[in-house]
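Order-wise, the sequence lines are chains A and D.
Under our numbering, the residue at position 85 of the first sequence is numbered 85, and the numbers go up by one with no gaps.
So the mapping is simple: our numbering equals the position in the second sequence, first residue as 1, plus 114.
Hints were generated in silico from the structure; no laboratory data involved.
Only a predicted model underlies this, so the values are computations on that prediction, with no experimental measurement involved.
We put the beta carbon where it would ideally sit given N, CA and C, even for glycine.
Please note that the accuracy of each hint is not assured.
Stated by the list, open to error - Distance condition first, Cα-Cα at most 20 Å in a straight line; then the derived SDA-like pairs of lysine to any residue:
no. : chain 1 : residue 1 : chain 2 : residue 2
1   : A       : Lys101    : D       : Tyr211
2   : A       : Lys42     : D       : Arg123
3   : A       : Lys101    : D       : Ser172
4   : A       : Lys101    : D       : Val168
5   : A       : Lys49     : D       : Asp212
6   : A       : Lys101    : D       : Gly167
7   : D       : Lys158    : A       : Ser9
Stated by the list, open to error - Facing chain D, from chain A, some residues (calculated, C-beta under 8 Å):
no. : residue
8   : Gly43
9   : Leu46
10  : Phe90
11  : Ser94
12  : Lys101
13  : Leu102
14  : Phe104
15  : Gly105
16  : Thr106
To be verified - Each pair of labels, with its calculated beta carbon distance range:
no. : chain 1 : residue 1 : chain 2 : residue 2 : range
17  : D       : Gly186    : A       : Lys42     : 23 to 29 Å
18  : D       : Ile126    : A       : Glu66     : 42 to 48 Å
19  : A       : Thr55     : D       : Lys192    : 42 to 48 Å
20  : D       : Gln155    : A       : Glu15     : 24 to 30 Å
21  : D       : Lys158    : A       : Thr55     : 25 to 31 Å
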Amino acid sequence: AQSVTQLDSHVSVSEGTPVLLRCNYSSSYSPSLFWYVQHPNKGLQLLLKYTSAATLVKGINGFEAEFKKSETSFHLTKPSAHMSDAAEYFCVVSEPTGFQKLVFGTGTRLLVSP
Amino acid sequence: EAGVAQSPRYKIIEKRQSVAFWCNPISGHATLYWYQQILGQGPKLLIQFQNNGVVDDSQLPKDRFSAERLKGVDSTLKIQPAKLEDSAVYLCASTPYDRAATGELFFGEGSRLTVL
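Assemble the whole structure, with the sequences as input and the hints as a guide.
Take a look at the structure:
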């Protein structure tokens with residue numbers, strides 16, 4: 001079965017500094033990987049997705065993630081944090097069924113201080 | 115376009131009582147999902163519908179949970195009787211038929227259930 005491990009439950013950064021949210025995956029197949037973001041009292045929103053086209057994936061709001069098969073990692077980064085980036089971030093892997101079944105990680109809460 | 119609508123947003127019940135949650139997906143979205151998100155955990159799929167047919171309900175506790183999607187549009191998730199461990203946020207998501215394979219889901223804001 002596919003699974004993801006988010007290595008940090010909380011990450012704190014200052015506004016303007018880089019963001020790194022770590023995710024490792026386990027998959028028997030060539031996986032599809034995603035990052036979803038959940039702002040307070042808002043629905044989950046797709047940030048970016050990897051589906052084997054390119055190992056460096058760019059998403060919305062300046063976020064990007066790099067797929068590294070040798071390290072089984074899919075870390076999320078952003079060069080400069082903004083206050084509005086404060087949210088819960090979920091790394092997600094899909095199971096290769098006919099309709100993709102998403103398996104979510106436990107989430108990383110990003111805190112951004114002024 | 116309007117997003118996924120869910121109600122009620124909050125519900126508090128005693129254990130052994132019943133509760134129902136309603137979801138209206140984005141217009142035209144054929145695939146609908148119910149997820150359970152327990153505090154401190156990631157969302158877990160309970161059931162997936164394609165139009166009004168069930169695609170996957172392998173993780174739905176069928177002795178107490180039921181879900182239906184009549185006419186392939188809105189959906190209801192019911193819990194009867196509720197247990198303390200059912201306290202969670204219940205998320206509804208939808209996606210167009212041709213995007214179900216891409217993993218891009220559109221989520222509602224969720225219904226928060228507290229069981230006392």
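Which numbered hints fail: none
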